[in-house]
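Novice: Using the sequences provided together with the hints, build the complete structure.
As you go down the protein sequences, you meet chains A and B in turn. According to this note's numbering, the first sequence is numbered sequentially starting from 1. According to this note's numbering, the second sequence is numbered sequentially starting from 1001.
In silico DSS-like links for lysine-lysine, alpha-carbon gap of 27 angstroms or less: (1) B/K1134 / A/K44; (2) A/K220 / A/K210; (3) B/K1129 / B/K1179; (4) B/K1063 / B/K1144; (5) B/K1060 / A/K170; (6) A/K44 / B/K1147.
No lab work stands behind these hints, which were simulated from the structure alone.
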Amino acid sequence: MQCEEVRNQFTDYLSESLAEPVRSEIQQHLIACESCRNEAQDLKDIWARLDSIPAETPDTAGMRARFNVMLDAYRQGMDHAPVSTWWGSVNSWIAGFWPKQPALQFALTATLVLIAVVAGRHYPTVVPPPAPVTQGAGIEVTQLRQEVRDMSQMVALALMQQQSASERLKGVSWSNQIEQPDTEILNALLDALMHDDNTNVRLAAVDALKKFGERQIVRKGVLQALQKKDAPLVQVALIDYVVERQDKESVDTLRQISQDADVNENVRKHAEWGLENLR
Amino acid sequence: MRNTLTDEALMLSVRDGDVGQLGVLFERYHGMLFDFFCRMLGNRTAADDLVQDVFFRILKYRKTYRDDSHFTTWMFHIARNARFDHFKKHRAEVLFPEEGFDLPGRGPFPSQQFEKEQETVMLQRAMQKLPDEKRELLILARYKELKYEQIADLLGVDVGTVKVRVHRAVKELREIFLKLSGEKASCNVKKSETSLRII
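Specialist: Okay, structure coming up:
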């Protein structure tokens, strides 16, 4: 056997899938040829070392729960699948043009609204309103702002209800861009803080809520979250939050945490630190 | 009770409307897919999302499953597409940490053990530095234990090409690993020289 032929078989040699008589022929060649022997040894060495990289273990319970939700939703969709009609065909034809990502939907809607406003201004109706021009423009701008704000909220809420943790994270970050959110957004953020199964989303919710800490609903929600035994990272972030806001209502809760033997030691110490800084 | 049906038989049932059987396939393969995505992306959250995406796509495209398809090959075909779409969507994200895989601080341990762990870290970094297609090939061949015929089917090339590519990928991995180990060794020498000068 020539060197070239032997090297072409190295992949099977590595995975030990060579059959006789090729296997013996290659071994004979390796005994005689130092260059091939060295290369085979080097490759075999790195191939064996790859065993040392451990496999990643998934969070099976969490993944199974998400999978079951998806499967149930799919089954329900199958049960309620409408019989195809001409109306359905028209709808699905239109849906083909409509973007799937909420951010693009928002952008498209905002563009359509702008086009409508510009078109409306250029093609006035036969009976124009008698209101002064400056006042009319002011009202339009206010209405537009309100619509943009409503859409931002809609996008944030839609993202926060996604299956994917990274989409929910985007939703929480999006809510940061809203200056005066209504109760629905605050409730969604508090819901994420209390019930989201992903720690990163809960942590992002703590950060997002900081801006609205003066609202009663947020203060109550954060205190409730603090009383719930959550992941140490989230508890530490919540303690930092109440200390930063100098929220005296949380003193009792912090004291309970600092004395609770079931709580993570670092969290207990952080709660003690929080108590000192709240007094 | 353990389900003894083959993957292919289960997938055919799913295709024909018994979607509940996908649960059995999920139990068999979610761990394998999760490990595949983790090794490709180095990000557990993204891997978790991608596994869900793969099973969703299996449901969505179940009717395209052919009688003669090998289930794992078909599943990895979907997994690769899901990963490409994820990559397009999150192009700007740096998934692997730049200096990642440093082992967490822990108590003293025998130096031999330490060296072995450092070698593993170096090998993980060498894997990260491999071009995407070579890393994927090695993961499929080495960790997922896919046969070369299955990989060839998956990549749409012949078996000989797969073998040549695996050979090249292992060679390149070794070169990167040696380079990184050399850099690490010279870095350690510099460190000890500096500490000698300080003394």
